[in-house]
Structures are given as C-alpha cells and as structure tokens.
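S.K.: Now for the letters of each chain:
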Amino acid sequence: MNCQQAYQLISAAVDGELSCHEKEKFFQHLAECTTCTEEFNDAMKTKLIIKERIIRFTAPQTLINSIMHLTHHCAQESNL
Amino acid sequence: MNNDKQNSKIPAEQSTSSLSVIEYQKQLEFQKEAVVHLNALYNYALHLTMNTDDAEDLVQETYLKAYRFFNSFERGTNCKAWLFKILKNNYINIFRKNSKEPGKVDYDLIKDFYHSIKDSSIDTTEADSDYFHSLLHEEVYQALHSLPEEFREVIELCDIEGFTYEEIANMVESPIGTIRSRLFRGRKMLREQLETYASQRGFHGGTDR
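Protein sequence lines, in the order shown, are assigned to chains A and B. For what it's worth, my numbering labels the leading residue of the first sequence as 10, then goes sequentially. For what it's worth, my numbering labels the leading residue of the second sequence as 73, then goes sequentially.
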C-alpha cells in the first residue's frame with residue numbers, strides 16, 4: 010500500500026469501517042510511514058473533539074408533550 | 073364498534089378507550105422505537121435550521137409522517153436512521169418551498185443562537201492542557217458550521233450521531249466512497265479551522281502531543 014491508497018482509507022480507519030483485509034494493509038503501511046500516521050492521528054483527534062465538544066441540547070418539554078399528543082391523536086384518528 | 077355514528081360524536085378524551093388493540097400496540101411500539109430518538113432529531117434539526125422554532129416544527133412534522141408511515145419502517149433496521157432521513161427530506165421540502173437558503177452561514181446568527189440556548193444543557197468536561205481541549209464549545213460549533221453543507225452533514229451524521237457509512241450513504245444518497253472522502257476532507261478542513269482559533273487564543277501546535 011502506498012501513501013495515496015492509505016490516504017483514501019484514513020476516514021474509514023478512524024470510524025472502524027475498514028474490512029479486515031484493508032485494516033491489515035492500512036496499519037502495515039502506518040507502521041512504516043510517519044506522514045500517514047500523523048494524518049491518521051489528526052483525523053482521530055478531530056473526530057474526538059467534535060464528539061466531545063459539540064453541545065447536545067435537550068428537547069423542550071413542550072415538544073416532547075406535543076409529540077406524545079401527536080401520536081395519541083393520530084392513533085385516535087385512524088381508529089375512528 | 074356497534075354504532076359508528078355514535079362513536080364519531082364522542083369527544084377526543086373519551087374515545088381513548090375505544091383505541092383498537094392494534095392501534096394501541098402500534099403506538100407503544102412507536103414510542104419505544106421512534107420517540108426515544110427525539111433528542112437526537114431535535115439536535116439534528118437545530119443544526120439544519122439554526123432556529124429553535126423551525127427545529128421544533130421540523131421534528132413535529134417528522135414524527136407526524138413517521139407515525140403515519142410507521143408500517144413501512146423495516147423492522148430490525150435502524151429506526152433512528154429512518155427518522156433522520158424523513159427529517160432531512162422534510163427539511164429540503166420546507167426550504168425549497170420557502171426558498172430559504174440552507175447552508176448559508178451567518179456567524180452572528182450562530183453566536184446569537186448559541187448564546188440563546190447555551191444554558192439549556194452543557195456537559196462539563198474536565199479542563200486539559202492540550203490546546204484542543206482549550207477550544208470552546210462555541211468554537212467547535214462555529215468551525216463545523218463554516219464547512220460547506222455536504223462536509224458538515226457527513227461529519228454530523230458520523231461523529232455526532234454515530235451512524236455507519238452505509239446508513240449515511242443511504243441518507244444522503246451518495247456512494248460510500250464519497251462519504252469516506254467527504255469525511256476525510258471535512259475533518260481536515262475542520263481541524264485547520266480549529267487550529268486557527270486555537271492559535272488566535274495563544275495556543276500553538278507545538279504544545280500538541
């Protein structure tokens with residue numbers, strides 16, 4: 010595997026989406042290539058940052074209530 | 073069941089008891105499968121609309137459609153992915169109808185929006201000397217929104233929502249290879265943006281491991 014091929018697999022490697030075969034080849038290449046290793050680590054880190062730092066908001070209670078009401082209402086409608 | 077005309081006159085509250093067993097089961101299953109993803113959908117809607125009212129409408133509309141077509145949901149597959157796809161389609165329709173411009177980034181809006189709902193729920197992560205850990209939630213949020221729509225979208229679906237490539241490919245209707253490369257390029261752009269923020273605040277790449 011050369012750097013160009015490895016490059017194309019970086020995101021899939023980060024996300025655990027490589028096939029067994031690809032995985033083996035990819036990490037074999039990383040063991041020999043510091044540039045690709047760095048790219049891989051950077052991508053891993055970026056993913057982690059997004060996961061950690063992005064704020065998750067809680068849906069307002071009014072929305073929760075209206076969804077519950079909505080399904081209830083639909084159920085009644087289709088029952089009549 | 074014995075008299076339809078009489079039944080239709082019963083006020084909404086009372087007719088609850090007349091729910092058929094099948095309808096009741098559907099409702100229970102829907103709550104177990106679909107309503108549990110309400111928070112995720114709300115967050116996704118917020119990311120798309122940048123507006124709490126629009127986000128709420130979008131989520132409501134999504135659940136309404138999802139419930140109506142719940143029978144077409146393939147049991148055993150990822151219900152969250154199914155809901156996200158409905159929400160995305162709804163979003164596209166609404167924005168096309170209103171000829172709004174999705175994907176246009178207004179930084180002031182992001183800031184205002186961010187501050188307006190900031191207090192609702194912030195997880196407190198421990199401080200760290202690593203310069204990436206010095207980044208503010210707001211900066212990551214802003215950096216993400218500075219990316220072109222197609223890159224931001226896959227990052228959100230993958231890194232925030234945890235969908236598989238196959239699910240994402242299905243949602244955005246692009247091949248898996250495209251998802252791979254968008255994720256790679258998107259993360260690279262995002263990182264460059266974050267490095268800019270970090271260096272503006274006096275942190276330098278050198279302190280990074």
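If you are wondering where the hints come from, they were derived from the structure by calculation, not from laboratory data. Treat the numbers as computed from the prediction; the structure is a model and nothing was measured. Hints are supplied without guarantee of correctness; some may be wrong.
Calculated cross-link-like contacts (lysine-lysine; reagent style PhoX-like; alpha-carbon spacing at most 25 Å) [what the hints assert, rightly or not]:
#, chain 1, residue 1, chain 2, residue 2
1, B, 98, B, 160
2, A, 54, B, 98
3, B, 260, A, 54
4, B, 137, A, 60
5, B, 98, A, 60
6, B, 157, B, 98
7, A, 32, A, 54
8, A, 32, B, 137
9, B, 260, A, 32
10, B, 157, B, 137
11, A, 34, B, 260
12, B, 137, B, 160
Covered, in the sense of this in silico footprint (three residues per stretch, anywhere, with C-beta under 8 Å from a C-beta of chain A), are these stretches of chain B [said to hold, decoys possible]:
#, stretch
13, 127–140
14, 154–166
15, 225–232
16, 239–247
17, 254–266
C-beta atoms are modelled at their ideal positions from N, C-alpha and C, and glycine is treated no differently.
S.K.: Work down the list of hints and note, for each, if the structure agrees.
M.R.: Here is what the structure says about each hint:
Restraint check for residue 98 of chain B and residue 160 of chain B: satisfied, since their Cα atoms lie roughly 24 Å apart, inside the 25 Å limit. Only pairs whose Cα atoms come within 25 Å are accepted, and residue 54 of chain A paired with residue 98 of chain B is rejected, the gap being roughly 42 Å. With a CA separation close to 11 Å, the supplied pair residue 260 of chain B and residue 54 of chain A stays within the 25 Å bound. Restraint check for residue 137 of chain B and residue 60 of chain A: not satisfied, since their Cα atoms lie roughly 29 Å apart, outside the 25 Å limit.
This hinted pair does not check out: residue 98 of chain B and residue 60 of chain A have alpha carbons roughly 34 Å apart, beyond 25 Å. Proposed proximity of residue 157 of chain B and residue 98 of chain B is supported: the alpha carbons are some 21 Å apart, at most 25 Å. Pair hint residue 32 of chain A plus residue 54 of chain A holds up; C-alpha atoms about 19 Å apart against a cutoff of 25 Å. Of the supplied pair hints, the one linking residue 32 of chain A and residue 137 of chain B is violated, its CA atoms being roughly 40 Å apart against a limit of 25 Å.
About 21 Å separates the Cα atoms of residue 260 of chain B and residue 32 of chain A, which keeps this hinted pair within 25 Å; it holds. For the given pair, residue 157 of chain B sits about 11 Å from residue 137 of chain B by alpha-carbon distance, which is consistent with the 25 Å threshold. In summary, the hint linking residue 34 of chain A to residue 260 of chain B is supported, as the alpha carbons are separated by about 23 Å, within the 25 Å threshold. Pair hint residue 137 of chain B plus residue 160 of chain B holds up; C-alpha atoms about 12 Å apart against a cutoff of 25 Å.
Here's how the stretch 127–140 of chain B fares: 7 of its residues keep a CB closer than 8 Å to some CB of chain A, so the rule of at least three is met and the hint holds. Interface restraint, the stretch 154–166 of chain B with chain A: violated (0 residues with C-beta to C-beta distance below 8 Å; minimum three). Given as covered by chain A, the stretch 225–232 of chain B passes the check, having 4 residues with a CB less than 8 Å from a CB of that chain where 3 are the minimum. Counting residues of the stretch 239–247 of chain B whose beta-carbon sits less than 8 Å from any beta-carbon of chain A gives 0, not enough to reach three: the coverage restraint is violated.
Three residues within the 8 Å Cβ limit are the bar, and the stretch 254–266 of chain B against chain A gives 7, so the coverage statement holds.
Checked against the numbered hints above, the structure violates hints 2, 4, 5, 8, 14, 16; every other hint is satisfied.
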